[in-house]
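> The task is simple: from the sequences and hints, build the whole structure.
Protein chains: 2
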Amino acid sequence: MNLVTIDEIHAAAKRVAGVALRTPLLPQLWASPAKLWLKPENLQQIGAFKVRGAYNAIAALDEKTREKGVVAYSSGNHAQAVAFAAKQFGVPAVIVVPDVTPRIKVEATASHGAEVVEVPIGQRESAAHAIAEERGLTLIPPFDHRNVIAGQGTAGLEIAEDLPDVEVVLIPISGGGLASGIGTAIRALAPNAKIFGVEPELAADTAEGLKAGHRVDWPVEKRARTIADGLRSQPSELTFAHLQVVLDGMLTVTEEEIREAVRVLARRAGLIAEPSGAVSTAAFLFHADQLPDGKTVAVVSGGNLDPSALGELLG
Amino acid sequence: MNLVTIDEIHAAAKRVAGVALRTPLLPQLWASPAKLWLKPENLQQIGAFKVRGAYNAIAALDEKTREKGVVAYSSGNHAQAVAFAAKQFGVPAVIVVPDVTPRIKVEATASHGAEVVEVPIGQRESAAHAIAEERGLTLIPPFDHRNVIAGQGTAGLEIAEDLPDVEVVLIPISGGGLASGIGTAIRALAPNAKIFGVEPELAADTAEGLKAGHRVDWPVEKRARTIADGLRSQPSELTFAHLQVVLDGMLTVTEEEIREAVRVLARRAGLIAEPSGAVSTAAFLFHADQLPDGKTVAVVSGGNLDPSALGELLG
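Sequence order for the protein chains is W and S.
When we follow full-length UniProt numbering, the leftmost residue of the first sequence carries the number 1, and every step to the right adds one.
When we follow full-length UniProt numbering, the leftmost residue of the second sequence carries the number 1, and every step to the right adds one.
Check before you lean on any hint, since a few could be wrong.
One copy or two, it doesn't matter: identical chains are merged, so the pair holds either way.
Dumping the calculated DSS-like pairs for lysine-lysine here, alpha-carbon to alpha-carbon at most 25 Å [to be verified]:
(1) Lys295 x Lys87
(2) Lys35 x Lys87
(3) Lys35 x Lys105
(4) Lys35 x Lys194
(5) Lys14 x Lys68
(6) Lys68 x Lys211
(7) Lys211 x Lys194
(8) Lys87 x Lys64
(9) Lys87 x Lys105
(10) Lys87 x Lys222
These are computed hints drawn from the structure, not numbers from a lab.
Structural data, given as structure tokens:
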């Protein structure tokens with residue numbers, strides 16, 4: 001399969017500059033003598049890394065296509081990312097969400113000026129395709145797209161620039177777009193680093209699939225058990241092919257480890273992470289025995305938490 | 001009075017580079033259409049801006065003096081900053097704290113390798129001076145020192161670099177070192193910006209003093225009423241003279257406004273701020289009518305919260 005190249009990621013970096021925040025690497029004193037840096041993507045304006053890929057994909061469209069508008073199906077961070085990115089170009093965005101989506105997320109998406117279409121939960125994808133065709137909109141998928149992968153990879157460029165001798169990189173895995181992109185960048189620019197994907201035990205389809213040598217399908221009910229609601233997707237053929245090439249291994253973390261990592265990030269790092277964003281830190285905290293001992297970057301992928309979850313997790 | 005110059009701040013920036021984190025400006029979507037950027041000094045390794053001034057003051061000592069070691073009196077962020085900075089140079093640090101200091105803060109300071117000396121609360125300053133003389137250590141004051149002010153000013157250099165057309169800067173005021181430093185940098189590099197100090201209503205000695213044209217003394221019991229425990233100090237002659245020159249005005253915020261700002265920073269910005277660090281955001285949220293309408297930077301000065309306070313404030 002034709003994988004995303006470092007040149008595509010460099011091109012993405014030029015596009016997203018000034019829109020996606022160039023997040024710093026945050027050295028963590030409390031993790032001494034081990035060396036831990038956090039890559040706080042929760043500080044992006046929309047609260048997650050997703051803006052990198054969504055903006056890059058929309059920016060890469062030819063102007064005529066882009067003017068007609070874009071559509072996405074997601075109830076999570078990708079929805080906000082596409083809505084936000086479309087707004088930067090002043091083009092229409094339609095976001096298809098399940099009709100069970102919490103009001104707060106619908107409103108967050110609508111607040112970027114997007115049209116939110118609510119459909120029964122099983123019809124998200126087909127509805128999005130139908131709307132795309134009807135209205136001539138371009139579908140921006142959450143991870144199964146090389147410009148989305150290249151966009152997410154810009155976070156990897158920044159890691160390699162800021163810490164060229166990085167030895168371990170920990171990345172949350174859901175659909176695999178973030179790990180595909182960051183992994184590609186790190187392989188090219190810091191080839192000595194070991195790259196690990198991290199999943200909840202309760203949604204560890206990628207760990208199982210990589211071991212088996214092919215994608216495996218976990219039923220959605222099974223994946224839905226984890227508190228890490230951003231990590232319930234599964235890789236596509238395209239992202240799985242990247243993960244097979246760029247990852248050195250997979251780690252899985254328990255629900256209690258995820259909750260504790262959210263608490264540690266708040267108490268020690270000053271960051272609000274959503275459970276999905278905290279799994280990489282959980283891996284560092286609780287599975288260091290499976291990791292090389294060296295300069296480690298944990299990607300904190302997002303921080304969008306309901307206020308009630310904030311109280312429950314930190315109270 | 002001979003005020004700190006922009007050249008001294010530039011010199012400080014060279015010294016602190018690589019030790020103090022160069023914090024990004026975080027644009028805040030939720031504050032749209034107003035324009036708000038946060039300067040998240042809570043993300044410094046010690047959880048507060050204080051590392052800038054402490055490190056600069058120690059770095060500026062001649063080597064022989066520095067080798068003997070340093071001493072500071074503080075139970076808060078300055079204690080950790082001096083202990084951390086001394087450790088970077090491998091020189092001894094003694095931190096004098098009141099014997100009522102919570103264990104967690106004593107341990108945080110000791111964890112940087114500093115010797116912690118506990119004395120009755122009224123004797124902190126005299127004990128620190130006595131130890132300095134006895135052992136030949138250099139006292140690093142929390143704000144009443146031009147190298148400390150110049151170090152804190154490096155945050156202002158970064159603001160002016162990242163947002164050259166900044167129009168409003170909001171800075172918490174306690175002893176006034178941070179506002180003196182940032183204010184001096186902004187005056188020099190972004191002279192059109194208006195600079196405001198922010199205090200809790202319950203510790204508004206500086207607002208009163210600036211109006212009166214001279215320092216006023218609020219009894220410590222009165223200042224101790226505010227939840228913003230980092231804002232209970234009062235300016236020295238040196239910092240007050242800076243504040244008279246660099247500030248365009250003062251704002252005061254209520255205890256409930258401070259608490260709400262801590263919640264907003266957690267929910268909307270992904271940041272854990274301590275109450276003292278949140279007063280500038282509180283001023284933006286609740287006193288915009290007293291501010292020019294324009295690109296605004298709120299300095300989030302620190303994030304060191306007890307876990308119990310975290311639960312109480314966010315739960």
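> The structure should be examined with respect to each hint, and the outcome stated for every one.
We went through each hint and held it up to the structure:
1. Lys295 x Lys87: Between copies only: 20 Å across, 38 Å inside.
2. Lys35 x Lys87: between (39 Å within a copy, 16 Å between copies)
3. Lys35 x Lys105: between (36 Å within a copy, 23 Å between copies)
4. Lys35 x Lys194: Within one copy, since 15 Å is at most 25 Å while 40 Å is not.
5. Lys14 x Lys68: Result: close within a single copy only, 23 Å intra versus 49 Å inter.
6. Lys68 x Lys211: Neither: 43 Å inside a copy, 57 Å across copies.
7. Lys211 x Lys194: within (17 Å within a copy, 59 Å between copies)
8. Lys87 x Lys64: within (16 Å within a copy, 59 Å between copies)
9. Lys87 x Lys105: Answer is within: at 17 Å inside a copy they meet the 25 Å cutoff, but 46 Å across does not.
10. Lys87 x Lys222: Cα proximity of Lys87 and Lys222: none, with 36 Å in one copy and 49 Å across.
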